[in-house]
Amino acid sequence: MAFEIGKRFDVLLDGGYFSDLVFTGLPEFPRLGHEIYSREFDLVPGGAYNTAVAMHRLRLKVAWPCCFGSDPFSQFVRDSAVGEGLDASFFEKSMQPSLRITVAFSFDHERAFLSYSDPVQPLPLLKLLKRLRPVWLCVTHLAFGADYEQLFRTARELNTRVFMDCQAHRQSLSNPDIRNALQLVDVFAPNEEEAVLLTGKQNAEQALEALTEYVPLVIIKQGGSGCLCRQQGGETLRVPGIHVKVVDTTGAGDNFNCGFVCGQANGFSLLDSLRMANICGGLSTQSRGGTTTSPTFNQVKHFLEASKP
212 MAFEIGKRFD VLLDGGYFSD LVFTGLPEFP RLGHEIYSRE FDLVPGGAYN TAVAMHRLRL
272 KVAWPCCFGS DPFSQFVRDS AVGEGLDASF FEKSMQPSLR ITVAFSFDHE RAFLSYSDPV
332 QPLPLLKLLK RLRPVWLCVT HLAFGADYEQ LFRTARELNT RVFMDCQAHR QSLSNPDIRN
392 ALQLVDVFAP NEEEAVLLTG KQNAEQALEA LTEYVPLVII KQGGSGCLCR QQGGETLRVP
452 GIHVKVVDTT GAGDNFNCGF VCGQANGFSL LDSLRMANIC GGLSTQSRGG TTTSPTFNQV
512 KHFLEASKP
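The opening residue of the sequence shown carries number 212 in our numbering; numbering runs sequentially from there.
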């Protein structure tokens with residue numbers, strides 16, 4: 212395996228930031244008319260911040276364009292990003308507040324979210340893509356429509372691979388814009404619930420088969436169980452997760468994505484890239500927040516090599 216990253220930008224990241232209010236140690240899920248107390252609480256940066264920081268710790272060169280609001284929550288995320296060493300030359304500051312808040316109710320192996328976001332200012336992604344010519348364009352959400360189709364087509368012309376997460380629960384493949392976008396993506400990585408809802412199938416295996424009609428490589432994240440993966444015309448790979456003491460699963464999927472992209476950027480095989488993804492996702496769940504225990508490159512390298520038969 213080669214563990215070298217070139218001078219070219221490895222990733223252009225598309226996704227907005229959030230401030231996450233994370234409640235853990237809940238006795239039950241909140242109900243109308245009742246008040247409950249959590250044992251622990253944290254305020255941490257979230258959204259695409261998780262992906263940007265996790266990639267940076269894995270020694271990927273990341274361009275994350277953001278326009279931060281003037282409100283304290285936005286400045287908290289920006290200051291945290293700068294403190295992590297992210298490239299601030301892609302950061303802009305608005306004179307107006309831009310509230311993006313998520314409340315996370317985190318249980319041992321699952322979580323629920325309540326979010327609010329002010330309107331988000333469009334960013335010059337196409338211009339940046341042409342200028343940077345990154346190895347990867349990573350999109351943290353299900354992106355479709357004319358602007359994204361143009362972005363994805365340009366990425367293909369530049370030999371930039373497109374990785375897309377899902378994070379959508381109210382869309383389906385019946386939408387032709389979604390089908391068109393998926394056919395321009397190189398890797399699509401929903402979680403199991405998202406994949407089943409998007410395809411209308413009964414289970415992850417059926418959803419995987421349906422999605423590979425459009426995307427060359429589909430990965431379905433299955434939490435602590437690991438992941439399923441299939442290439443068009445290939446067999447299904449089942450890669451088990453790692454065993455860790457789970458504290459908070461917020462951001463686990465983001466860290467999984469970063470591990471996979473890092474593996475591919477380093478020339479790993481598909482199987483080793485999936486193992487690296489599971490390692491990153493698993494290790495990130497050992498404390499509250501999406502990046503508190505996001506692993507470093509050397510930590511993952513050691514874990515990966517030690518776990519091989």
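One thing to keep in mind: the hints can contain errors.
[Stated by the list, open to error] Restricting the straight-line Cα-Cα distance to at most 30 Å, the calculated cross-link-like pairs of lysine-lysine (DSSO-like) are:
id, residue 1, residue 2
1, 341, 272
2, 304, 338
3, 341, 304
4, 272, 304
5, 304, 456
6, 519, 456
7, 412, 338
8, 519, 272
Quick caveat, the hints were computed from the structure, so don't treat them as lab data.
Outcome of the hint check:
no., hint, in the structure
1, 341 - 272, "holds (17 Å)"
2, 304 - 338, "holds (19 Å)"
3, 341 - 304, "holds (23 Å)"
4, 272 - 304, "holds (22 Å)"
5, 304 - 456, "violated (39 Å)"
6, 519 - 456, "holds (21 Å)"
7, 412 - 338, "violated (38 Å)"
8, 519 - 272, "holds (27 Å)"
Taken one by one, the earlier hints fail for this structure at numbers 5, 7, listed in ascending order.
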